[in-house]
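Starting from the given sequences, assemble the full structure and let the hints guide the process.
Chains as they are written, first to last, in my numbering: chain P, 3 to 200; chain B, -2 to 375.
If you are wondering where the hints come from, they were derived from the structure by calculation, not from laboratory data.
Be a bit skeptical, because a hint or two may be false.
Label pairs and their calculated CB-CB ranges [as the list claims (entries may be wrong)]:
hint, chain 1, residue 1, chain 2, residue 2, range
1, B, 97, P, 158, 37 to 45 Å
2, B, 12, P, 29, 31 to 39 Å
3, P, 42, B, 98, 37 to 45 Å
4, P, 32, B, 56, 27 to 35 Å
5, P, 158, B, 284, 50 to 58 Å
6, B, 99, P, 172, 19 to 27 Å
7, P, 158, B, 78, 37 to 45 Å
8, B, 99, P, 7, 55 to 63 Å
9, P, 134, B, 253, 56 to 64 Å
10, B, 15, P, 8, 44 to 52 Å
11, P, 158, B, 130, 43 to 51 Å
Even for Gly, the Cβ is constructed at its ideal location relative to N, Cα and C.
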Amino acid sequence: MYDGAVQDLIDELGHLPGIGPKSAQRIAFHLLSTDPSDVRRLVETIQTVKEKVRFCEVCGNVAEGERCRVCLDPRRSDEVLCVVEEAKDVVAIERTREFRGRYHVLGGAIDPMAGIGPDDLRIKDLIARLGNEAVREVILATDPNIEGEATATYLARILAPLGLRVTRLASGLPVGGDLEYADEVTLGRAFEGRRVVT
Amino acid sequence: MRLSRIQLTDFRSYSDLRIDLPPGMTTLLGANGAGKTNIVEAIRYLGTLSSHRVSTDASLVRAGESRGSVMGIVEKAGRSLAIEITIVIGGSNSARLNRAPVRPREIAGILRTVVFSPEDIDLVKGEPGGRRRFLDDLCVTLSPVLAGDLADYERVVRQRGALLKALRGKGSETSALEIWDEKLATLGARILRARIEAIRALVPYVSAAYADIDHTGTACSLRYGSSVEVEAAFDSGQARGIEEALLEALAREGPRERERGVCLVGPHRDDVVLSIGDLPARGYASHGESWSAALALRLGTYSLLTATGGPDSGKDGEPVLILDDVFAELDGHRRAALAERASTAQQVVVTAAVKADVPAALGGSVFMVDGGKVTIDG
Ligand SMILES: Nc1ncnc2c1ncn2[C@@H]1O[C@H](COP(=O)(O)OP(=O)(O)OP(=O)(O)O)[C@@H](O)[C@H]1O
Ligand SMILES: [Mg+2]
Ligand SMILES: [Zn+2]
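What follows is the structure, given as structure tokens:
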């Protein structure tokens, strides 16, 4: 344990995701020895984020106003909606430059062990959007793990009656990988997710 | 297949150990606590990436260190493969294949081992969990893809259990329970199919091994003890037969599951039923019969793997047979039967505290294990 202020900082940092007690301590001491102007800039950046950035009222992505950049962009297609777990997934998909439709951020995945059920996700908003907008295809891009798969299955089921095209991202081989060296689990799943090409 | 070298770095009691194993029979002799089982565990770990003694990796790393590794050279199908796994406490493990970094699961299964140890008596006398693990290990050896399904299934059972607990006492509300039912049925069906196939392949080998060990003429048999009747669906060959049987059972048990808040249906509730004569081994077999049955399970597995060769090359599936401290447990007759089977194996590693426990007929090389070092005897 350290003196009041230092320990408070370590405790605060320790609450951040992915930061354990050791890292919290390391960051705290790093900040102690950092130039005051650098610390001020960090503090201001954090404050600006909290003041300026919020969640898009349409899709749940991070936004600097009421709506996010994607929702405001008139060139994007209203016909395809990509459903993701977190705003950071939007960033990942945007980086591919493959997708020109819009997003819907659920705010997580169904995860009973963490106490998260369908009602804790932005699913009602999704249904409302599908009722109003011109969406023809919904792409379920939740994570390829058990919770993401369960969420996708749940959504697929409640979306079925709406008569939309519902697709799921294929999970499979890493690009640039050699088939010969792919491990059996990945290769096995790639076979399950194979598509017709002719 | 043959293991020609094993090297331990900060693994269990060893800071740095290298053994060049000659072909055929190798005996490791050393006092209690000298570190014989630690070497056996390292060899097994290199093959399966799991320990037969502990469920978490941390205790495998030498006390006071943060990482430890095992390297081995495997000669198989005319090739020499250097495989290495590094265990990192509080981090993720890393692996290398012929010095190139690969994901750990890519080296799993390159080295095959069958270990027979005194704890194996629990396979006969112990709880069903140990027998399920035995069978799942065999399934993964025969079809490595199953490792992913087993891990996913375990997670589904935990998630579904958490949901059932949350729903306990809350009348009819189901909130996405069907989703988990569906996942449980899909993954469960794959596991059941693999387990039933593995058991059926194993049965003749176990029965034959038991007949070799036990000369009373009593037969030993085994079958899959499923909590849901699925063998008929398996035999029908219908693609979704097992899945549907599981879904039906889930629907039937639903109210009871919700009342108790636990997952009552699925392969995590099953067992492998061993019988000796007309009676179940568990709860009925004598001490000697139990040893014979445990030995028959291991030797049967060894023979099955040798005969099938598995998903990789043609027939080089013969595992390294490891007999850890078991001769002392067996009576003269069972000892002789085990020694005879071992003498036909390509590579065997035997450990014992005293030389007199090991049948002289085995021959081969003898190493002394003492003070963290292993030296060849004579
Ligand atoms: N992580 C570890 N770090 C250091 N030492 C360890 C570690 N794990 C186990 N040991 C030591 O290894 C020894 C046990 O070795 P091992 O089980 O291989 O003995 P053994 O030769 O098989 O004995 P026995 O004949 O009684 O079966 C114990 O003395 C234990 O303290
Ligand atoms: Mg031992
Ligand atoms: Zn938006």
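- [ ] Please name the hints from earlier in the document that this structure breaks, with their numbers sorted from lowest to highest.
- [x] 8, 9 and 11
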